[in-house]
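> From first to last, the protein sequence lines are chains A and B.
For what it's worth, the numbering used here labels the leading residue of the first sequence as 1, then goes sequentially.
For what it's worth, the numbering used here labels the leading residue of the second sequence as 1, then goes sequentially.
Errors might be hidden in some of the hints.
If chains are identical, the list can't say which one is meant, so a pair holds when it fits in one copy or spans any two.
What the hints assert, rightly or not - Computed list of lysine-lysine pairs in BS3-like fashion (alpha-carbon distance at most 25 Å, straight line):
| # | residue 1 | residue 2 |
| --- | --- | --- |
| 1 | Lys134 | Lys29 |
| 2 | Lys108 | Lys134 |
| 3 | Lys108 | Lys29 |
If you're looking for bench data, these hints aren't it; they were derived computationally from the structure.
For clarity, every value in this text was computed on a predicted model and none was experimentally measured.
There are 2 protein chains.
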Amino acid sequence: MNAFQDDYAEHFSHCFGCGKSNPAGLHLKSNWDADNPDATLLRFTPPEIYSGGVPGHVYGGMIASLFDCHGAASAAAFACRAEGRVMGDWNLPGSVFSPVRYVTASLKVDYLRPTPQDVELIVRASLLEMQGFKIRLAMTLHAGETLCARAEMLAARFREKPAEAR
Amino acid sequence: MNAFQDDYAEHFSHCFGCGKSNPAGLHLKSNWDADNPDATLLRFTPPEIYSGGVPGHVYGGMIASLFDCHGAASAAAFACRAEGRVMGDWNLPGSVFSPVRYVTASLKVDYLRPTPQDVELIVRASLLEMQGFKIRLAMTLHAGETLCARAEMLAARFREKPAEAR
Chain A
1 MNAFQDDYAE HFSHCFGCGK SNPAGLHLKS NWDADNPDAT LLRFTPPEIY
51 SGGVPGHVYG GMIASLFDCH GAASAAAFAC RAEGRVMGDW NLPGSVFSPV
101 RYVTASLKVD YLRPTPQDVE LIVRASLLEM QGFKIRLAMT LHAGETLCAR
151 AEMLAARFRE KPAEAR
Chain B
1 MNAFQDDYAE HFSHCFGCGK SNPAGLHLKS NWDADNPDAT LLRFTPPEIY
51 SGGVPGHVYG GMIASLFDCH GAASAAAFAC RAEGRVMGDW NLPGSVFSPV
101 RYVTASLKVD YLRPTPQDVE LIVRASLLEM QGFKIRLAMT LHAGETLCAR
151 AEMLAARFRE KPAEAR
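With the rest of the complex left out, here is chain A (with noise of 0.2 Å):
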């Protein structure tokens, strides 16, 4: 099953983070959760350079970069599901929607406790309210079984310029 980033249109996937078109990026890739038909889920194990001041701990910046690359994900395959639309629809051959994409207008990370190197982050996001183009979701860091950090964002919708404006 495709990650949402690997749906995205293609001048939407240069993100560092999640980007597939980013060959210097993280790419992370988000996802239903399996166990929860109502939130997404994102797993990564960020690299030993992404140390924070103390060694053995992720650095702050990479915690807000989770949260923001999966929250954007999240928000547009949460938006293609009210909509009775899957995500990467866009990418079917003759198809006639447009791609869906969900940008960052606001990020809170509540940093609870120190977010320990070489284990697995799993990240999850669910949906708190979604209001036109805006979209805001409440989100989770867990380092294993313990509870790092906590997020809420929203999201806006990207609007497209039509072609004969850009």
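Assemble chain B onto chain A, guided by the hints.
Okay, now just chain B, sitting in the frame of chain A:
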């Protein structure tokens, strides 16, 4: 003049964003703002790999990272100043001072508009409130003259365990 991060004690200096002892890191450098004695300043031009989804813009995680590293460093500098100390006094020969280091408890970033690449980004922090071991900061990120993002941080002082308790 040393950057705040250059004064961090060695065991606090491994952050990917701003640690002098992380050879793979970004080596972000914060200092007092020469034009405003009540503010701190960071200048950084993100390398091209840190693209957002749409090329030509910086990815959201980088923006959060800049606020995170600059905010934590600024909190330490504001705390030292409030105590009549200077950043890095713990490094002076024969110093009796303990290192001051803050970590992020909470960070809220408002992404106001896309942040362009190939432009020097300027992050400023100012003190909102200091209460016990917690400091609240307001920050802005400009690309040239354009305000692209705003943030608020709650930073908490890192309290080292005495050596015998480690």
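> Now tell me, hint by hint, if it's right for this structure.
Now for the hints, and whether the structure bears them out:
1. Only within a single protomer do lysine 134 and lysine 29 lie at most 25 Å apart by alpha-carbon distance; the minimum there is 22 Å, versus 35 Å between protomers.
2. With identical chains, the CA atoms of lysine 108 and lysine 134 are at most 25 Å apart both within one copy (16 Å) and between copies (18 Å).
3. For the identical chains of this complex, lysine 108 and lysine 29 are neighbours both inside a copy (21 Å) and across copies (24 Å), given an alpha-carbon limit of 25 Å.
Hint violations for this structure: none, all hints satisfied.
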